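Just so you know, the sequences run in chain order A and B.
Counting the first sequence from 1 gives a position; the numbering used here is that position plus 16.
Counting the second sequence from 1 gives a position; the numbering used here is that position plus 20.
For the record, the hints were derived by calculation from the structure and aren't laboratory data.
In this text, all values refer to a predicted model and were calculated from it rather than measured experimentally.
Every clue listed holds true.
The following label-pair restraints were derived from C-beta to C-beta distances:
id, chain 1, residue 1, chain 2, residue 2, range
1, A, 109, B, 119, 29 to 37 Å
2, B, 83, A, 114, 20 to 28 Å
3, A, 47, B, 202, 52 to 60 Å
4, A, 63, B, 97, 29 to 37 Å
5, A, 106, B, 36, 48 to 56 Å
6, B, 83, A, 87, 33 to 41 Å
7, A, 105, B, 51, 30 to 38 Å
8, B, 119, A, 87, 39 to 47 Å
9, A, 114, B, 63, 25 to 33 Å
10, A, 125, B, 58, 31 to 39 Å
11, B, 264, A, 63, 40 to 48 Å
Away from chain B, derived, C-beta distances all over 12 Å, residues of chain A:
id, residue
12, 21
13, 63
14, 64
15, 66
16, 84
17, 93
18, 116
For every residue, glycine included, the Cβ atom is placed at its ideal position computed from N, Cα and C.
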Amino acid sequence: MGTHTILVVEDEDESRQVLMQILELEGFTVVGASNGAEAMDYLRTAELPCLIILDMLMPVMDGRQFRAALLQAANLAKIPVVVVSALEISAVADLAVVRAFRKPLDIDALVKVVLEYC
Amino acid sequence: MRDGEAADIVLALTQHVEALKKEIAARREVERKLVGALKARDDFVGIAAHKLRNPLNVFHLTLQLLYRMPNDSVSDIRGILDKLRLQLNRINSLVDHLLSVTRIRAGKLELHLETFDLGELIKEVTHRFAELHPDISILVRVDGRAAGIWDRFRIDQAVSNIISNAIKYGGGRPVSVVVTVNERLAIVSVRDHGIGIAPEDRERIFDRFERATSQSNTEGLGLGLWIAKRVVEAHGGRIAAQGQAGRGAVFTMHLPIAGAG
Numbered sequence: 017m018g019t020h021t022i023l024v025v026e027d028e029d030e031s032r033q034v035l036m037q038i039l040e041l042e043g044f045t046v047v048g049a050s051n052g053a054e055a056m057d058y059l060r061t062a063e064l065p066c067l068i069i070l071d072m073l074m075p076v077m078d079g080r081q082f083r084a085a086l087l088q089a090a091n092l093a094k095i096p097v098v099v100v101s102a103l104e105i106s107a108v109a110d111l112a113v114v115r116a117f118r119k120p121l122d123i124d125a126l127v128k129v130v131l132e133y134c
Numbered sequence: 021m022r023d024g025e026a027a028d029i030v031l032a033l034t035q036h037v038e039a040l041k042k043e044i045a046a047r048r049e050v051e052r053k054l055v056g057a058l059k060a061r062d063d064f065v066g067i068a069a070h071k072l073r074n075p076l077n078v079f080h081l082t083l084q085l086l087y088r089m090p091n092d093s094v095s096d097i098r099g100i101l102d103k104l105r106l107q108l109n110r111i112n113s114l115v116d117h118l119l120s121v122t123r124i125r126a127g128k129l130e131l132h133l134e135t136f137d138l139g140e141l142i143k144e145v146t147h148r149f150a151e152l153h154p155d156i157s158i159l160v161r162v163d164g165r166a167a168g169i170w171d172r173f174r175i176d177q178a179v180s181n182i183i184s185n186a187i188k189y190g191g192g193r194p195v196s197v198v199v200t201v202n203e204r205l206a207i208v209s210v211r212d213h214g215i216g217i218a219p220e221d222r223e224r225i226f227d228r229f230e231r232a233t234s235q236s237n238t239e240g241l242g243l244g245l246w247i248a249k250r251v252v253e254a255h256g257g258r259i260a261a262q263g264q265a266g267r268g269a270v271f272t273m274h275l276p277i278a279g280a281g
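Construct the entire structure; sequences and hints are all you get.
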């Protein structure tokens with residue numbers, strides 16, 4: 017991967033901003049996108065992140081559509097993705113992500129996963 | 021048996037079969053509606069749980085942020101506590117809505133009537149929203165003293181739901197709240213300049229779960245307008261929506277000043 021930047025894709029502003037602040041305090045560089053389409057725009061122009069943290073229920077382009085778009089692009093398909101969602105873990109089992117967490121998020125467990133990839 | 025008797029029996033049997041067919045069709049229709057109602061309820065429970073998880077998640081994350089902050093960042097703590105308060109308000113509002121829907125459905129919406137000035141209540145409510153949404157201009161105009169006999173908590177809830185709706189769909193543009201009064205009625209109009217309402221949706225938007233089931237990523241449970249309508253009607257009043265798609269909306273509550281009747 018090109019950078020040590022984490023991309024957080026979450027439509028709810030408060031959730032996204034607080035999660036980004038926590039990850040920054042943990043020493044990571046973090047960028048945010050409020051839906052899958054914004055995240056795709058970012059990925060087209062920026063260096064690829066080391067990890068994507070992805071919410072599922074979002075307007076414009078939801079997590080499932082975004083994951084499908086990633087998998088269709090050869091350079092994006094290999095970016096590890098962690099799902100953080102209110103959905104049951106079983107509901108995202110088919111998305112080929114490295115890990116799925118339910119909200120409320122266990123931040124320590126997430127940081128461990130982030131450290132593996134970034 | 022005479023031919024005539026046989027024909028009568030055949031006719032009676034045919035009529036009986038037709039009646040049975042109608043009965044079966046009617047029962048199937050009832051069954052279809054019940055299955056639909058059960059599905060709507062299950063969908064709603066799922067959406068309610070999801071909506072509660074979001075503010076709980078922010079609350080949880082914000083606490084984690086507080087734990088992780090360096091000791092010298094005390095000045096930031098007030099801002100973070102404000103965020104926690106906001107999330108608690110959201111959770112509280114969702115739980116209030118869930119409890120209200122249960123009470124209204126069970127016919128237990130008891131009104132605790134008292135005399136108060138609606139204009140003063142409206143000012144309190146709009147002040148609360150202005151604090152929560154400092155980026156949105158909320159204009160208030162109260163023409164005259166609007167004293168009446170109502171349930172303060174429920175009227176607060178109804179007005180809050182209407183204003184919350186105006187902010188939610190107002191596209192960040194100003195929201196105005198006007199209170200007028202005549203001999204019989206206090207009238208509260210809430211106007212936004214957002215996405216508006218198509219004429220065919222003016223009644224439907226007051227239905228329970230209407231928005232919640234169609235747009236799961238929007239704030240709230242889609243119960244706000246339904247609760248507002250029930251509260252206003254319990255006071256003997258009425259509520260209506262006007263506006264056109266893309267041209268903003270006006271919600272008007274007419275409340276008899278003598279209270280529930």
